[in-house]
Amino acid sequence: MGITRNADAVAPVRSSGAFSIWLTCHASNAVGALGRLSRQPFASLMIVLVISVTLALPAAINVIVKNVQSLSSNWDNALDFTVYLKQDISVSDAEGLLRLIRQRADIETVELITSDQALAEFKEQSGFGAALEQLGENPLPHTLVVRPGPGNTGASLILLQEEIGNLPEAELVQVDTEWVQRFHAILDIVRQAIAIGALLLGIAIVVIIGNTIRLDIENRREEIEVTKLIGASNAFVRRPFLWTGFWYGLLGGGFALLLVQYGLYLLQGPVSRLAGLYQGNISVASLNLTESATILGISVFLGLFASWVTAARHMRRIEPK
Amino acid sequence: MIRLDNVTKRFPGGQEALSGLSLSVDKGEMVFVTGHSGAGKSTLLRLIALIERPTSGEVIVNSQNTRRVKRRKIPAYRRQIGMVFQDHKLLYDRPVFDNVALPLIIAGVSRRDAGRRVRAALDQVSLLHKEKQSPQTLSAGEQQRVGIARAIVTRPKVLIADEPTGNLDPDLSLEVMRIFRRFNEVGVTLLIASHDIALIDRLGCRRIALEAGRLQEEVDPWE
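Line order of the protein sequences matches chains A and B. Per my numbering, the first sequence runs over residues 1 to 321. Per my numbering, the second sequence runs over residues 322 to 544.
Just so you know, the hints here were simulated from the structure itself, not pulled from any lab data. Glycine residues also receive a C-beta, built at the ideal position from the N, C-alpha and C atoms. Hints are supplied without guarantee of correctness; some may be wrong.
Straight-line distance between alpha carbons at most 30 Å, and here's what the computed DSSO-like set of lysine-lysine pairs gives [what the hints assert, rightly or not]:
(1) B/410 / B/348
(2) B/478 / B/410
(3) A/321 / B/391
(4) B/453 / B/410
(5) A/321 / B/348
(6) B/451 / B/478
(7) B/478 / A/321
(8) B/391 / B/451
(9) B/394 / B/410
(10) B/451 / B/410
(11) B/348 / B/478
(12) B/478 / B/453
(13) B/410 / A/321
(14) B/391 / A/123
(15) B/391 / B/410
Among chain A residues calculated to face chain B with C-beta under 8 Å, some are [unchecked claim]:
(16) 23
(17) 26
(18) 230
(19) 233
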């Protein structure tokens with residue numbers, strides 16, 4: 001058998017373009033890493049599930065907060081307050097006051113409910129009509145329902161309420177919607193808590209993926225040694241593990257999105273039932289495109305980061321013996 | 322092609338594997354290193370492969386002083402040397418073809434070009450018909466030939482082999498040595514560690530005998 005029989009045997013090693021090689025190498029590594037994951041479907045699925053649950057948790061709470069916030073934003077323009085006027089104020093005085101307040105720039109609408117209207121309404125709604133007939137005079141004062149303009153902040157609202165309450169005609173200012181502000185403050189705290197929790201969970205994901213990759217590296221130690229022995233660089237032996245991390249991140253993120261969407265789908269029924277009871281038109285907002293992309297992006301980043309750190313640390317250590 | 326100047330390799334325990342060893346292998350030569358186990362044969366090859374660095378002295382391979390090869394440049398350095406191991410060091414999770422193709426993939430050869438070269442290399446070790454098999458299904462002799470095909474697929478100028486026939490019976494050993502001989506005939510420089518003196522004498526090559534890390538004798542059949 002002649003050694004020069006085959007012309008290819010003596011042709012020099014020819015390299016194609018550096019970029020196309022790099023691309024082909026990455027493509028085959030990507031497919032290879034996915035193939036390795038699919039060869040251990042149960043173990044891979046477990047890790048993907050852990051990652052997705054860890055991601056879905058803060059994402060879901062975030063969506064809930066978003067929904068509650070949009071729900072309560074309907075109440076924002078209901079920061080109305082009621083001004084009860086003194087008993088001895090006449091209807092014409094009350095109307096004068098109404099016109100005066102209406103001129104203010106920081107007020108959207110003012111409505112006057114005269115004592116007669118209030119009594120009529122009360123009679124109708126309370127069912128105490130007959131009892132009220134017994135009263136000689138109308139015990140109800142005139143009231144003004146003030147809706148502040150949208151430009152008001154929390155502080156200016158309080159100022160406005162005080163100002164109107166100090167008017168000589170005003171007896172009492174009642175703020176019906178203070179709890180909305182408290183509620184918003186609570187939501188802010190929940191948001192902060194989610195941010196902190198998400199950070200911790202992100203660290204957990206990095207640890208989970210990093211540890212999995214570390215085991216993977218240990219299992220393939222011999223292969224890495226042999227590959228390095230025949231001239232593979234650290235980058236070359238690291239590449240498949242980076243792709244493993246990438247796939248963990250992508251699959252975990254994708255699964256997390258599915259979990260969140262499915263959870264919201266389950267909530268849709270009860271929420272619309274509740275909305276029906278309140279005659280409201282409430283729908284559950286799900287993750288929009290940007291949010292979905294952000295979750296996927298974060299997940300892929302965490303996967304790559306974890307595998308990069310782990311692989312870089314271990315590859316240097318594994319040298320042929 | 323390969324030159325060692327007064328090379329000493331001392332391990333952390335203070336034990337000396339090589340003591341002031343000097344030798345040279347010319348371009349196109351096929352040289353055997355013999356000696357008992359522990360004589361320093363493997364250490365010599367490991368210095369050439371840059372798995373170890375000498376404690377003192379110079380190792381020069383293909384006009385490169387290994388002392389000046391930085392850690393990051395070791396992979397590129399190793400790619401120009403073919404290496405054959407006693408235990409083959411094949412990857413058993415992939416077929417013969419992929420094992421032989423690995424050095425080409427590492428070197429960044431496109432898959433199409435790699436296919437032609439891999440088949441040419443397998444043809445030289447008469448294993449072309451086994452390219453799709455797993456190395457596990459091959460005999461020890463065949464596995465060693467796959468290892469050799471992998472070592473020569475990148476057409477290295479230098480090939481080093483550590484006890485390549487250590488696990489083979491005499492017939493298979495002779496077959497492997499004949500394959501090496503054929504590479505030598507087309508200009509590859511070979512340095513082979515072996516203790517099979519009878520076999521070496523049949524091939525008529527220069528033989529360097531090591532004893533306790535020192536040069537014991539040099540036998541050149543042509544002199």
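Item to check | Those earlier numbered hints the structure runs against, lowest number first | outcome: As far as the earlier hints go, 8, 14, 16, 17 are violated by this structure, in ascending order.
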